Structure formats: C-alpha cells, structure tokens
Amino acid sequence: MTPTRWRTCAALLTVLLVAAGCSSGERAAERRGITVVLFGDAEEVAGYHTLVDGFTAANPDVPVTLSPVATQDELMARLTTSFAGGRPPDVFLLNYRRYGQFAAQGAIEPAQSYLDGSDTIRASDFSPRALDAFRFDGEELTCLPQNLSSLVVYYNADLFAAAGVPVPRPGWTWDDFLAAGKALTRDGRYGVGVEASVARLAPFVWSNRGELVDHPDRPTRLTLRDDPAARAAVDWFLDLRLRHGVVPPDAEEQSESSEARFLRGTLGMYLNSRVAVPTLRTIDGFTWDAAPLPVAPGGVPASILHSDAYCMSAGLPDHRPAWRFIEYAMGAAGQRVLAESGRTVPSRLDVADSPAFLDPARPPRSSQVYLDAEPHLRATPRTGTWSRVEKETNTRLEEVFYGRVEREEGLRRLEETVRPLFALPVGK
Numbered sequence: 021m022t023p024t025r026w027r028t029c030a031a032l033l034t035v036l037l038v039a040a041g042c043s044s045g046e047r048a049a050e051r052r053g054i055t056v057v058l059f060g061d062a063e064e065v066a067g068y069h070t071l072v073d074g075f076t077a078a079n080p081d082v083p084v085t086l087s088p089v090a091t092q093d094e095l096m097a098r099l100t101t102s103f104a105g106g107r108p109p110d111v112f113l114l115n116y117r118r119y120g121q122f123a124a125q126g127a128i129e130p131a132q133s134y135l136d137g138s139d140t141i142r143a144s145d146f147s148p149r150a151l152d153a154f155r156f157d158g159e160e161l162t163c164l165p166q167n168l169s170s171l172v173v174y175y176n177a178d179l180f181a182a183a184g185v186p187v188p189r190p191g192w193t194w195d196d197f198l199a200a201g202k203a204l205t206r207d208g209r210y211g212v213g214v215e216a217s218v219a220r221l222a223p224f225v226w227s228n229r230g231e232l233v234d235h236p237d238r239p240t241r242l243t244l245r246d247d248p249a250a251r252a253a254v255d256w257f258l259d260l261r262l263r264h265g266v267v268p269p270d271a272e273e274q275s276e277s278s279e280a281r282f283l284r285g286t287l288g289m290y291l292n293s294r295v296a297v298p299t300l301r302t303i304d305g306f307t308w309d310a311a312p313l314p315v316a317p318g319g320v321p322a323s324i325l326h327s328d329a330y331c332m333s334a335g336l337p338d339h340r341p342a343w344r345f346i347e348y349a350m351g352a353a354g355q356r357v358l359a360e361s362g363r364t365v366p367s368r369l370d371v372a373d374s375p376a377f378l379d380p381a382r383p384p385r386s387s388q389v390y391l392d393a394e395p396h397l398r399a400t401p402r403t404g405t406w407s408r409v410e411k412e413t414n415t416r417l418e419e420v421f422y423g424r425v426e427r428e429e430g431l432r433r434l435e436e437t438v439r440p441l442f443a444l445p446v447g448k
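Taking the working numbering, the leading residue of the sequence shown gets 21, the next gets one more, and so forth.
These aren't lab readings, by the way, just hints derived from the structure by calculation. Since the structure is predicted, the reported quantities are computational estimates derived from the model, not experimental observations. There's no promise every hint is true.
Here are the computed distance ranges between Cβ atoms for each label pair [unchecked claim]:
#1 T302 <-> P380: 17 to 23 angstroms
#2 Q132 <-> E94: 39 to 45 angstroms
#3 D157 <-> G318: 32 to 38 angstroms
#4 L86 <-> G191: 38 to 44 angstroms
#5 T302 <-> L262: 30 to 36 angstroms
#6 L86 <-> T140: 28 to 34 angstroms
#7 D255 <-> A66: 39 to 45 angstroms
#8 T307 <-> E435: 28 to 34 angstroms
#9 T437 <-> T140: 44 to 50 angstroms
For every residue, glycine included, the Cβ atom is placed at its ideal position computed from N, Cα and C.
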C-alpha cells in the first residue's frame with residue numbers, strides 16, 4: 021500500500037471511528053432520557069410541564085417525557101400494565117395509599133440511599149409526617165413525598181353571607197358544620213359536597229376518637245361497625261345525605277359533580293384536598309376560601325394526610341437520571357414551581373412557609389390552614405393490599421350513602437366483602 025493510500029485509509033478510519041463514537045454518545049444520551057408518569061387534570065398538569073421545563077433548562081442532557089393520565093385509577097392501570105410488560109416508567113408520582121402493592125412486590129427502587137448520598141437535599145428539609153408515610157417497612161424511605169396536603173372545607177363566602185351564616189373558623193364543630201349545611205341548602209343549591217370514600221370519612225372517625233382498622237400496622241379488618249366511636253362518626257357522615265339532605269342526591273351528583281357545582285356557585289361547602297386549588301382558581305364569580313374540618317363533640321382536631329411521592333422503578337439500567345429529576349423536583353426551585361401553581365402543599369418546609377405557598381393574594385387566602393393541620397394529620401395503613409381494601413370499601417360505602425342499600429345491611433356487606441382482602445397475598 022502506498023503512503024498516500026495509507027493516509028487516505030487512515031483518515032477514513034478516523035472519520036468512521038469518530039462517527040461511531042458520536043452515534044454511541046447520541047444513543048447514550050437517548051438512554052439517559054427519562055419518562056415521568058403522573059395523574060392530574062389540565063390545570064395540574066400545566067404545573068408539572070413548568071417543572072419539567074425548569075429541569076430541562078438546568079439539565080439539557082436528560083430529556084424528560086411527561087406522560088400524564090387523568091385519574092389515579094388510570095395511573096394504577098398504567099403502572100400495573102407497564103410493570104407486567106417489563107417497561108415501567110423511570111419516575112412515577114403515586115399517593116401513599118396506593119404505592120404499597122408496588123413496594124411489596126419490590127417494583128420500587130428504595131430512595132433512602134439516594135437521599136442519604138445527596139449533596140442538594142436532606143431528610144431534614146421535609147415534613148417528617150410526609151416522609152413516614154412512604155417508609156413501607158417502617159424504616160427505609162421508599163419514595164420521596166412532594167406534598168403534605170390535608171382534607172379541608174372549601175366554602176363559598178358569598179353564599180355564607182347571603183344566608184347570614186358565619187364563615188367557618190378554626191375550632192368549629194360538627195354542629196356548626198351541619199347548621200351551615202342546612203342553611204345553605206335552599207333554592208336549588210346544596211350545603212355540602214363530599215364523596216363517600218374512606219379518605220373523606222376517616223377524619224371524622226379519628227376526630228371522634230374512633231379507629232378505621234383493628235391495628236394500624238397489621239390490620240386484619242375494618243372497625244367501622246364494632247368500634248362505638250367509629251360507628252357514631254359513620255352514622256353522622258351518612259346522615260348528611262340520608263337524613264338531612266344537605267348533600268346532593270345520587271342522581272344529581274351523577275349529572276353534575278360536587279366540584280362542578282362548587283365552580284358554578286351552587287354549592288356552599290366542598291370537601292377536598294389541595295389538589296382542587298388549580299381548578300378552583302379559575303373561579304371569578306364569587307369569593308371562596310379554605311377552612312379546617314370541623315371537630316367532633318368532645319373530640320379532637322383530625323384530618324387525613326394527602327401525599328404523593330416521586331418513586332423510581334426498580335431494575336433500571338441506571339437510576340442516576342431519574343434521581344437527578346427527583347432531586348430537582350424536591351429542591352427549592354422545583355417545590356416553588358408547584359407551590360405557585362396551587363397544586364401542592366410543599367413537603368419542603370422552607371417553601372411551605374414562604375410566599376410561594378402562603379401568598380394571600382392568590383386564593384385560597386387562608387392557605388395557612390393546611391400548615392396548621394399538620395400536627396393533626398393521620399395516615400391510613402401501609403400494606404400491600406390497602407389500595408384494594410380502600411377501593412372496595414368506597415364502592416360499598418357509596419351504596420349506603422346514597423340509599424341504594426339499607427344502612428345496616430350495607431355496612432354488614434361492606435365488612436364481609438372487605439375482610440378477606442386484608443389477608444390476600446399481594447398481586448392476587
């Protein structure tokens with residue numbers, strides 16, 4: 021081979037190697053891209069898009085595909101299918117009441133060691149109550165919670181004024197709540213909008229010093245019928261619809277949800293967590309605000325923890341890109357984005373206590389109510405089958421709440437149907 025031809029071949033080989041190296045580098049960059057799956061309506065998802073934009077600007081080498089679904093049920097179906105098919109998302113946002121089945125199956129990469137080794141976030145940055153809800157084994161942190169919400173009462177201040185009813189205040193009672201509900205139920209309007217579910221019933225049970233289950237860590241059954249304090253709370257809750265009629269009847273709730281009714285100005289009080297705020301901020305026809313839940317007679321203040329966490333799927337070739345996204349989302353900048361969107365009560369304590377969350381110029385004016393509820397928050401059990409227990413309980417409870425099934429018979433069926441679910445192996 022002549023020297024000239026050798027140099028030509030060598031140059032060509034160099035070009036090919038560089039091209040191959042670039043191609044390999046490009047493929048590596050593609051592999052570093054992550055998919056994030058979460059649930060939310062259009063207003064909520066807009067906040068997450070802003071979060072992703074901020075992360076991408078700071079981390080251009082980690083492309084993020086945001087893959088939202090509309091409801092938690094759709095999210096559970098998406099996750100179940102993706103894990104079964106061997107193609108789970110890198111990161112997913114899941115409520116603590118639903119993550120147990122995936123944690124029990126080893127489908128989640130525990131977050132504890134990543135948090136321990138982080139140079140940007142620390143456990144002390146966040147609410148201990150939120151962190152504890154995601155310690156599946158009671159010790160090791162499984163996922164990193166982004167929010168610390170609670171069930172509150174959103175109220176239409178204009179309707180309260182028109183009815184001559186005092187607006188809710190801290191320390192108000194079940195009697196105050198019911199009296200307001202009755203006064204606001206008139207002229208085609210209703211006083212209270214609340215779904216029949218464990219998440220809505222539980223705070224009233226706890227406020228009345230009752231319990232949902234026989235053991236908080238190793239439950240074997242519900243105690244809604246045989247715990248006297250719990251049963252009194254259940255009856256009070258059911259009576260809102262069945263006896264007092266302050267909640268819309270079945271047919272009307274089916275035709276127009278309580279949230280839609282509140283947005284339209286025809287519902288006095290609406291019980292939900294902070295998740296409702298981005299949608300409620302679209303209201304421009306009346307003044308609204310948030311108040312704590314009422315307290316049972318002789319009872320204690322209580323609310324239920326509403327917390328969603330970023331989880332990483334187990335078995336990824338490289339968890340570092342997913343963790344970089346979680347670090348950003350849980351840092352001050354990421355937490356401020358969602359706080360300003362109205363979507364979350366930040367689990368990060370410095371952001372929760374800042375104008376990004378507490379600004380009274382952005383409704384609800386009384387956002388401090390979520391922070392004041394923190395000492396009174398309780399969580400439902402962390403078990404692999406709890407999401408199934410809760411789903412089945414909600415279905416049966418709704419039947420009783422709307423009078424489709426007689427009360428005693430419905431509650432008996434509820435407990436009989438749900439009890440076997442506590443003993444089921446995870447995945448069955």
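Right, here's what the structure says about each hint:
no. : hint                              : in the structure
1   : T302 <-> P380: 17 to 23 angstroms : 19 angstroms, holds
2   : Q132 <-> E94: 39 to 45 angstroms  : 29 angstroms, violated
3   : D157 <-> G318: 32 to 38 angstroms : 36 angstroms, holds
4   : L86 <-> G191: 38 to 44 angstroms  : 42 angstroms, holds
5   : T302 <-> L262: 30 to 36 angstroms : 33 angstroms, holds
6   : L86 <-> T140: 28 to 34 angstroms  : 22 angstroms, violated
7   : D255 <-> A66: 39 to 45 angstroms  : 41 angstroms, holds
8   : T307 <-> E435: 28 to 34 angstroms : 43 angstroms, violated
9   : T437 <-> T140: 44 to 50 angstroms : 47 angstroms, holds
Consistency with the previously given hints fails for numbers 2, 6 and 8, ordered from lowest to highest.
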